[in-house]
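**Student:** Build the full structure now, drawing on both the sequences and the hints.
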Amino acid sequence: MKNQLPKTIILAMLFSLSTLFAACEKPSEASAKTEAVSDTVAPEKATATVAASKPVLTTADGKSSKGESKQSASVTKLDANTLKALNSSLSGRNADTEDTKQPLKPDVTVDPPAIVEQVIVAIPAELDLGTFSTSETGSGSVALKNTSDKPVTITRAKASCGCTTSDFKNGTVLQPGDSTEISVTMDGKGRARKMSKTVTFTIEGYPSLRLPVTANTVSYINLDKEPIQINDESGTTLVTLTALDDQPFTVTSMLPAIADLPTEPASEVQLLMDWDTFWDVVQTTKVTIRTDHPLCKEITTNIRLTAEQRQKLNKIISDRRANGNLPTKDPTRPLTGDQLARYITSGRGSQVLQYIADGLGKYDAVNKEGIALLSVSAEAGDAETASKLLELGAQLERVDRVSRTPLMHAARSKDPATIYLLLDAGADIQARDRLGGTPLSWASGFGSPAGVQALIDAGADANTVDSVLGYTPLVWAAGFGDSKSVAILLEADADVNVVDAAEKRSPLMHAVRTGKTESLKLLIDAGASVTAIDKDHATPLHIGVASNNVSLDKIQLLVEAGADIQAKDASGATALDIAKARSDDEAALVVAYLVEQSK
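Numbering follows numbering that gives the first Met the number 0, in which position 460 of the sequence shown is assigned residue number 459; successive positions increment by one, without gaps.
By construction, these hints were calculated from the structure, which means they are not laboratory data.
Each residue gets a CB set at the ideal place from its N, CA and C atoms; glycine is no exception.
Each hint should be verified, as a subset may be incorrect.
[Stated by the list, open to error] Quick list of the computed label-pair ranges, beta carbon to beta carbon:
no., residue 1, residue 2, range
1, 276, 306, 52 to 58 Å
2, 260, 176, 43 to 49 Å
3, 597, 195, 41 to 47 Å
4, 309, 150, 57 to 63 Å
5, 460, 419, 14 to 20 Å
**Tutor:** If you want it as structure tokens, here you go:
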């Protein structure tokens with residue numbers, strides 16, 4: 000099974016991530032492919048390192064291939080946490096599921112069949128990069144070896160934060176007994192400490208391989224006070240920086256700028272922190288000191304605050320926000336559209352209207368994504384600000400860089416007030432964006448049930464099909480939206496067995512893969528087929544068992560509704576064959592359940 004996102008997910012991301020279109024001002028290619036994100040499990044110290052996370056990777060001689068697993072469905076794996084992050088990013092809302100029912104656990108009286116064992120081993124099992132300075136990078140190499148008698152594809156390598164990855168070729172194929180050398184590099188990152196990271200290798204048909212990577216970083220400049228404490232009595236604190244190798248150096252900059260910087264190089268440099276200046280400019284307790292020492296370019300430390308000082312800091316920041324003066328060099332200069340948009344999204348639309356009245360902003364300004372203030376206020380659910388902007392002359396049908404109208408932005412809001420406002424003003428309910436999406440499409444996938452109902456009541460077509468993905472509002476709701484939206488669309492006679500253009504998948508298939516359990520129940524009750532097949536001959540059951548984020552209760556619903564456990568996909572794999580490659584917490588339960596049902 001190829002561990003890559005199918006076209007439909009990529010296009011869904013493109014359809015929803017307006018910022019991406021705003022940056023490039025044209026849609027991404029529908030054929031782009033992205034590696035799937037694998038679940039992470041705590042690393043084990045074994046001959047085969049079972050791995051997960053992120054340092055620097057450089058492949059010496061990785062082979063590139065597109066080999067296919069013999070027993071797999073063309074279904075992308077995507078864990079639940081990644082899906083929540085995606086939905087949150089796309090819709091601007093918390094992707095908490097509304098399903099609270101716990102999956103039924105099968106009565107297993109014998110040990111379930113074993114999950115697929117790892118065949119790729121890392122040599123060494125743990126990589127120690129040794130000791131290096133905070134301004135340097137440490138590097139080492141690890142060999143990945145295929146211990147099986149079949150070719151194995153390593154689809155992806157991902158490293159944890161603080162490190163970088165390069166030259167690893169996605170889709171590297173290791174023949175039986177072959178190995179490949181991977182170079183791992185870790186950045187010292189400005190502070191002396193013991194670093195512990197992980198590199199995750201996603202392997203087609205097998206659990207992820209996790210390689211622990213450790214290192215120690217040392218700072219060649221020592222601070223005599225760390226963290227730094229504020230002296231309220233004297234108003235100053237003297238901090239001494241000493242080069243451990245006696246190398247003369249100068250401090251080139253300090254952020255925040257709360258001390259005068261000596262200009263003469265020395266192996267010992269003193270900085271007198273002025274706390275009055277600190278309170279004037281404070282935004283954070285982090286202090287960054289940069290030097291010209293060849294082995295210590297940057298030092299990061301923190302200012303430790305007492306409870307009283309923390310309260311003082313919070314009050315200063317709160318007062319600055321309440322004051323409403325954004326930091327500009329010229330306080331009389333008009334605010335940018337981006338600044339005004341941030342005010343609206345933070346709930347201060349009335350302040351934006353005042354800026355406009357005072358000549359410090361324009362009612363038709365746009366943010367850096369090309370989204371007008373009317374659309375920003377519509378998506379924020381701020382009907383009062385949106386209404387006033389319309390009175391000032393804001394264009395009702397002004398589109399952003401991907402042709403979304405203010406009504407489409409309102410459709411993403413959790414408050415339908417702006418939907419009603421724009422509809423009353425005459426907004427086009429059947430307008431199409433660059434990908435063919437309608438206001439109802441946006442409301443169904445990323446808005447609220449109330450917004451879906453408002454648009455349906457206003458005459459929106461529940462069976463519109465977008466021009467790229469071939470999604471209908473029901474497909475969007477089933478895969479990404481609220482189950483209540485699914486119910487509303489079904490009541491409006493949405494086609495329950497329609498299939499999309501990219502993968503020929505039905506709303507039920509999308510509900511199985513990324514939707515809510517309640518949405519799946521509603522679709523089954525509405526007559527959705529549980530034996531339909533997509534373009535790769537995968538049934539809803541194939542799709543469900545192949546995905547780590549799909550729980551046992553969804554699998555049970557499909558089987559109880561008549562799903563064929565023995566059906567085979569295009570590669571000849573049954574649901575049980577595919578389930579054995581899962582690596583999540585419910586993998587054994589799903590396998591055991593399918594074994595029981597196959598008897």
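**Student:** Please go over all the hints and tell whether each is borne out by the structure.
**Tutor:** Evaluation of the provided hints:
no.: 1; hint: 276 with 306: 52 to 58 Å; in the structure: violated (22 Å)
no.: 2; hint: 260 with 176: 43 to 49 Å; in the structure: violated (60 Å)
no.: 3; hint: 597 with 195: 41 to 47 Å; in the structure: holds (43 Å)
no.: 4; hint: 309 with 150: 57 to 63 Å; in the structure: holds (58 Å)
no.: 5; hint: 460 with 419: 14 to 20 Å; in the structure: holds (19 Å)
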